[in-house]
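Spelled out from the first residue to the last, the chains are:
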Amino acid sequence: MRKSNKMLVKMLSLLLVIVMVVSVLYGCKKSSSSSESEKEKSEETIKVGILHSLSGTMSISEVSLKDAELMAIEEINNNGGVLGKKLEPIVEDGASDWPTFAEKAKKLLQKDKVAVIFGCWTSASRKAVLPVVEENNGLLFYPVQYEGLESSPNIFYMGAAPNQQIVPAVKWLFDNGKKRFYLLGSDYVFPRTANKIIKAYLKYLGGVVVGEEYTPLGHTDYSSVINKIKAAKPDVAFNTLNGDSNVAFFKQLKDAGIDAKTLPVMSVSIAEEEIKGIGPEYLKGHLVAWNYFQSVDTPENKEFVEKYKKKYGEDRVTDDPIEAAYIGVYLWAKAVEKAGSTDVDKVREAAKGIEFNAPEGPVKIDGDNQHLYKTVRIGEILENGQIRELWKTNEPVKPDPYLKGYEWAKGLSEQ
Amino acid sequence: MKNISYWFSNIFNALSVGSIYILIAMGLVITFGLMKIINMAHGEFIMLGAYTTYVIQNIFEKYWKSFFDYYILVAIPVAFIVGFLIGVFIEKTIVKRLYERTLDSLLLTWGISLILQQLVRNIFGAPNVEVKTPQWMSKQINFTSHLFIPSRRLFILVVAISLLILMFILLNKTVIGLRIKAVLQNREIASALGINSEEIDSLSFGIGTGLAGVAGCCLTMLGPIGPSMGTNYIIDAFMIVILGGMGYLPGVIISSLIIGFLKTFFELNMSTTMAKVLIFIIIILILQFKPHGLYYRPERSAV
Numbered sequence: 001m002r003k004s005n006k007m008l009v010k011m012l013s014l015l016l017v018i019v020m021v022v023s024v025l026y027g028c029k030k031s032s033s034s035s036e037s038e039k040e041k042s043e044e045t046i047k048v049g050i051l052h053s054l055s056g057t058m059s060i061s062e063v064s065l066k067d068a069e070l071m072a073i074e075e076i077n078n079n080g081g082v083l084g085k086k087l088e089p090i091v092e093d094g095a096s097d098w099p100t101f102a103e104k105a106k107k108l109l110q111k112d113k114v115a116v117i118f119g120c121w122t123s124a125s126r127k128a129v130l131p132v133v134e135e136n137n138g139l140l141f142y143p144v145q146y147e148g149l150e151s152s153p154n155i156f157y158m159g160a161a162p163n164q165q166i167v168p169a170v171k172w173l174f175d176n177g178k179k180r181f182y183l184l185g186s187d188y189v190f191p192r193t194a195n196k197i198i199k200a201y202l203k204y205l206g207g208v209v210v211g212e213e214y215t216p217l218g219h220t221d222y223s224s225v226i227n228k229i230k231a232a233k234p235d236v237a238f239n240t241l242n243g244d245s246n247v248a249f250f251k252q253l254k255d256a257g258i259d260a261k262t263l264p265v266m267s268v269s270i271a272e273e274e275i276k277g278i279g280p281e282y283l284k285g286h287l288v289a290w291n292y293f294q295s296v297d298t299p300e301n302k303e304f305v306e307k308y309k310k311k312y313g314e315d316r317v318t319d320d321p322i323e324a325a326y327i328g329v330y331l332w333a334k335a336v337e338k339a340g341s342t343d344v345d346k347v348r349e350a351a352k353g354i355e356f357n358a359p360e361g362p363v364k365i366d367g368d369n370q371h372l373y374k375t376v377r378i379g380e381i382l383e384n385g386q387i388r389e390l391w392k393t394n395e396p397v398k399p400d401p402y403l404k405g406y407e408w409a410k411g412l413s414e415q
Numbered sequence: 001m002k003n004i005s006y007w008f009s010n011i012f013n014a015l016s017v018g019s020i021y022i023l024i025a026m027g028l029v030i031t032f033g034l035m036k037i038i039n040m041a042h043g044e045f046i047m048l049g050a051y052t053t054y055v056i057q058n059i060f061e062k063y064w065k066s067f068f069d070y071y072i073l074v075a076i077p078v079a080f081i082v083g084f085l086i087g088v089f090i091e092k093t094i095v096k097r098l099y100e101r102t103l104d105s106l107l108l109t110w111g112i113s114l115i116l117q118q119l120v121r122n123i124f125g126a127p128n129v130e131v132k133t134p135q136w137m138s139k140q141i142n143f144t145s146h147l148f149i150p151s152r153r154l155f156i157l158v159v160a161i162s163l164l165i166l167m168f169i170l171l172n173k174t175v176i177g178l179r180i181k182a183v184l185q186n187r188e189i190a191s192a193l194g195i196n197s198e199e200i201d202s203l204s205f206g207i208g209t210g211l212a213g214v215a216g217c218c219l220t221m222l223g224p225i226g227p228s229m230g231t232n233y234i235i236d237a238f239m240i241v242i243l244g245g246m247g248y249l250p251g252v253i254i255s256s257l258i259i260g261f262l263k264t265f266f267e268l269n270m271s272t273t274m275a276k277v278l279i280f281i282i283i284i285l286i287l288q289f290k291p292h293g294l295y296y297r298p299e300r301s302a303v
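Residue numbers (the working numbering), protein chains in the order written: chain A, 1 to 415; chain B, 1 to 303.
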C-alpha cells in the first residue's frame with residue numbers, strides 16, 4: 001500500500017516538473033524569438049518599445065494592450081512599414097512594479113534606442129516613467145483614461161481626460177434625474193482625484209453627495225460598505241474601484257438584493273474585458289462611461305474587432321483601452337510619416353492636429369496638451385457582456401486635462 | 001433608522017465575514033501554526049482551489065448541463081484533492097528540507113507562490129475568469145422584505161462549520177490524527193515508536209493546502225478569480241492564526257469571529273482603510289498582553 005502511494009507521488013511529481021519546465025521553456029521561446037532576429041534586422045528597421053505588465057496583478061489588464069499594439073505594428077508592417085522601414089517591436093515586462101517600469105523604460109531608450117514607447121496602465125507606472133522619458137527625450141504613448149492634471153511634452157495621452165469621461169457621465173446622470181450620489185473608489189490617486197472633480201461639479205449642478213468611501217486596492221469584502229450604501233439611499237453609485245475589488249463588489253451587491261433598477265452603478269474602470277472576469281449576470285443594467293465600446297457601429301470598428309478576434313481568438317473582446325493602445329501606434333506612425341523622421345522633437349511638432357479615423361470614430365491630437373479629441377459615450381451593460389450605447393456626444397470633445405474651461409473647476413488643479 | 005433588520009443583517013454579515021476568515025485560515029493553522037512553515041504560498045493554494053472550481057464548472061457546463069446547479073458539490077472535494085496533491089508534491093520536494101528553518105521557509109514558499117501564479121497565468125491567461133454561481137445559491141432567504149440573508153453566504157457558513165467539525169474529528173478521534181499530533185509534538189519519540197514521520201509531515205502539509213483549496217472554491221462565489229487573487233487573503237490568514245494562538249483550532253474560531261465583528265462594525269462607522277488600521281492596532285495590543293495569541297498552552301500544543 002505504502003509503496004504504491006510513493007509511486008503515485010513520484011509520478012505526480014514528475015508530471016508537475018514536466019509541466020513547469022514546459023511552461024518555462026514556452027515563455028523563453030517566446031521572448032528569444034524577438035532577440036534572434038534583432039541582429040539581422042537592426043539596420044533597416046525602426047525599433048519601437050512596448051512596456052506593459054505581463055506578470056503580476058496588472059497583467060490582468062495590460063496583456064491585451066500589448067496584443068493590440070503588436071497587431072497594429074504587424075498591420076503597419078504589412079502595409080510597407082513607416083518611412084519604408086519595418087517596425088520592430090521590443091517587448092518589456094513592467095511586472096506590475098513601478099520602479100521596474102522606470103528601469104525598463106530607461107533600458108528601452110538608452111540601450112535599445114527605441115523611437116517610441118507604447119505602454120503603462122496605472123497612473124503610478126506612468127508617473128514612474130515620466131521623468132525617464134523627459135530626461136532622455138523619449139516618447140511615451142499612454143493608452144488609458146486617467147485623472148488628468150498632467151501634460152508632459154514627452155507623453156501623448158490616448159485615453160480620456162476627466163472632461164471626456166467623468167464630467168459628462170455626471171452630467172448625464174444628473175440630467176436623467178439622479179441627484180443623490182454615493183462615491184465609491186479604491187484608495188489611490190485616480191479615484192480620489194476623480195471624486196474631487198465629481199464633488200465640485202455636483203455642487204455646481206445642485207446635486208448631493210450622500211456618502212464617500214474608499215477601500216484599499218485588493219479589498220474583497222464589501223458587505224458593510226453595501227449596508228452603508230443602502231442606509232444612505234442614493235439615486236446612483238459612482239464607482240471608481242479598480243481591479244479585483246470590482247468583482248467582489250458587484251457579486252456582493254447582487255447578493256444584497258440590489259440590482260440596476262434599485263440602484264444603478266456608474267463605473268469608469270469597467271470595460272468589456274473586465275465584464276468577462278466579473279460575470280455579466282452581476283453587471284446587467286449597470287452603467288459605464290467610455291469613449292469606445294466593442295459594439296460601436298463604425299466600419300473601422302467592425303474591421304478592428306474582426307481582425308483582433310481572428311488573431312487572438314473568438315472569445316477575446318475589445319474595449320476602450322485596447323482600442324486606445326491600437327490607435328496610439330497608428331497616430332505615432334502618421335506623425336513619423338509627416339515628420340519624415342523618427343526624431344522625437346520633429347515627431348512632436350508633426351503630431352499636432354493629426355487626425356485619424358479610429359474604430360471609436362474620428363480622433364485628433366490636440367497640439368497644446370497632447371491629448372486626443374474623443375467622442376464620449378454612456379452605455380448599459382447587457383447580459384451577453386457587451387455594452388449598449390445609450391448616449392454619445394455629437395462630435396469629439398476637446399481634451400481639457402486641467403479642466404481650465406470649466407468655471408466650477410477653479411482651484412481643483414492647485415494642491 | 002437602526003431597527004432590528006439593520007442589526008440582524010449586520011450581525012449576519014459579521015458571522016459571514018468570520019466564517020470566510022475561518023475558511024482561509026484553517027489550512028494555515030496546520031502548515032504555519034503546527035508545522036511552523038511560514039507558508040507564503042498559502043494564498044496560491046486558495047487560488048488553485050478557485051481555478052479547480054472554474055475547470056469543474058466548465059466541464060459541467062459542457063458535458064452535464066442538467067446537473068450544472070450541483071457542480072459546486074463536486075468542486076469542493078476536487079478542490080481539496082488538487083490542493084492536497086500539489087501540497088504533498090511540494091512538501092516532498094521542497095518543504096521537507098525546511099523544518100526548523102522557519103525564515104528560509106518564508107523565502108522559499110514565497111518563491112513557490114510566484115511560480116504558481118505565473119504557471120496559472122501561462123495556462124489560463126492573465127485576465128480574471130468567471131465562475132457562475134448555481135441558481136439556488138444566487139437567491140436570498142427572505143424573512144421580511146427588509147430582512148433577508150444571501151444564500152451563498154449561508155452556504156459558506158455551513159461549509160466552514162462542517163469543515164471545522166471534520167477537522168476536529170480527524171485530529172481528535174482518528175488514528176491518523178493521533179499520529180499527526182504525536183509527530184508534531186515530538187518527532188524523535190514518535191518515530192522511535194514506529195510512526196513514519198516523513199509520511200505524516202507530507203500528509204499534514206497536504207491537508208493544510210487541501211483546506212486552502214476548499215477555501216478557494218468557496219471564495220469563487222464572493223470574490224475575484226485570477227492568478228494573483230491569493231495575495232488578497234494571505235495577510236488576513238496569518239493575522240488570524242497568530243491572533244488565535246498558533247495551531248489551535250478553537251483559537252482560530254475565536255479570532256475569526258472577533259475580527260469579523262470588529263471589521264463589520266468598524267467599517268459601518270468609519271472608512272474601510274481606517275477600520276483596517278484600527279483592527280491592526282487592536283491586534284497589536286492584544287499580542288502585547290498575550291504574546292502567544294488568545295489560546296496558548298505552554299506545552300507544544302496540537303489542536
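Please note: incorrect hints may appear among the correct ones.
What the hints assert, rightly or not - List of simulated lysine-lysine pairs, BS3-like, C-alpha gap at most 27 angstroms:
1) A:Lys-346 - A:Lys-307
2) A:Lys-309 - B:Lys-62
3) B:Lys-139 - A:Lys-284
Stated by the list, open to error - Covered, in the sense of this in silico footprint (three residues per stretch, anywhere, with C-beta under 8 angstroms from a C-beta of chain A), are these stretches of chain B:
4) 119-131
5) 160-174
6) 204-218
7) 222-233
As the list claims (entries may be wrong) - Computed beta-carbon distance windows for the label pairs:
8) A:Gly-313 - B:Met-274: 53 to 61 angstroms
9) A:Glu-407 - B:Lys-62: 24 to 32 angstroms
10) B:Ile-141 - A:Lys-233: 51 to 59 angstroms
11) B:Pro-77 - A:Arg-180: 42 to 50 angstroms
12) B:Leu-170 - A:Asp-259: 40 to 48 angstroms
13) B:Ile-59 - A:Glu-281: 52 to 60 angstroms
14) B:Thr-102 - A:Lys-233: 50 to 58 angstroms
Keep in mind the hints are simulated off the structure, nothing from the lab.
Since we're looking at a predicted model, the values are computed, not measured.
We treat Cβ as the ideally placed atom computed from N, Cα and C, and that holds for glycine.
Now for the hints, and whether the structure bears them out:
For the hint pairing A:Lys-346 with A:Lys-307, the CA-to-CA distance comes to about 32 angstroms; that exceeds 27 angstroms, so the pair is violated. The suggested pairing of A:Lys-309 with B:Lys-62 holds, with an alpha-carbon distance near 22 angstroms, which does not exceed 27 angstroms. Distance check on the hinted pair: B:Lys-139 and A:Lys-284 sit about 16 angstroms apart at the alpha-carbon level, within 27 angstroms; holds. Residues of the stretch 119-131 of chain B with a Cβ under 8 angstroms from some Cβ of chain A number 11, which satisfies the need for three, so the listed coverage holds.
Coverage of the stretch 160-174 of chain B by chain A is violated. Counting CB-CB distances below 8 angstroms, 0 residues qualify, and the rule asks for three or more. As drawn, the stretch 204-218 of chain B meets chain A at 0 residues by the rule of a beta-carbon pair under 8 angstroms; below three, the given contact is violated. As drawn, the stretch 222-233 of chain B meets chain A at 11 residues by the rule of a beta-carbon pair under 8 angstroms; at three or more, the given contact holds. A hinted range of 53 to 61 angstroms for the beta carbons of A:Gly-313 and B:Met-274 is inconsistent with their spacing of about 44 angstroms.
A hinted range of 24 to 32 angstroms for the beta carbons of A:Glu-407 and B:Lys-62 is inconsistent with their spacing of about 58 angstroms. At roughly 24 angstroms, the beta-carbon separation of B:Ile-141 and A:Lys-233 lies outside the given 51 to 59 angstroms, and the hint is violated. Our hint of 42 to 50 angstroms for B:Pro-77 and A:Arg-180 holds, since their Cβ atoms are close to 47 angstroms apart. For B:Leu-170 paired with A:Asp-259, a C-beta distance near 42 angstroms keeps the hint of 40 to 48 angstroms intact.
For B:Ile-59 and A:Glu-281, the Cβ-Cβ distance of about 20 angstroms falls outside the hinted range of 52 to 60 angstroms, so the restraint is violated. A beta carbon spacing of about 51 angstroms between B:Thr-102 and A:Lys-233 agrees with the range 50 to 58 angstroms that was offered as a hint.
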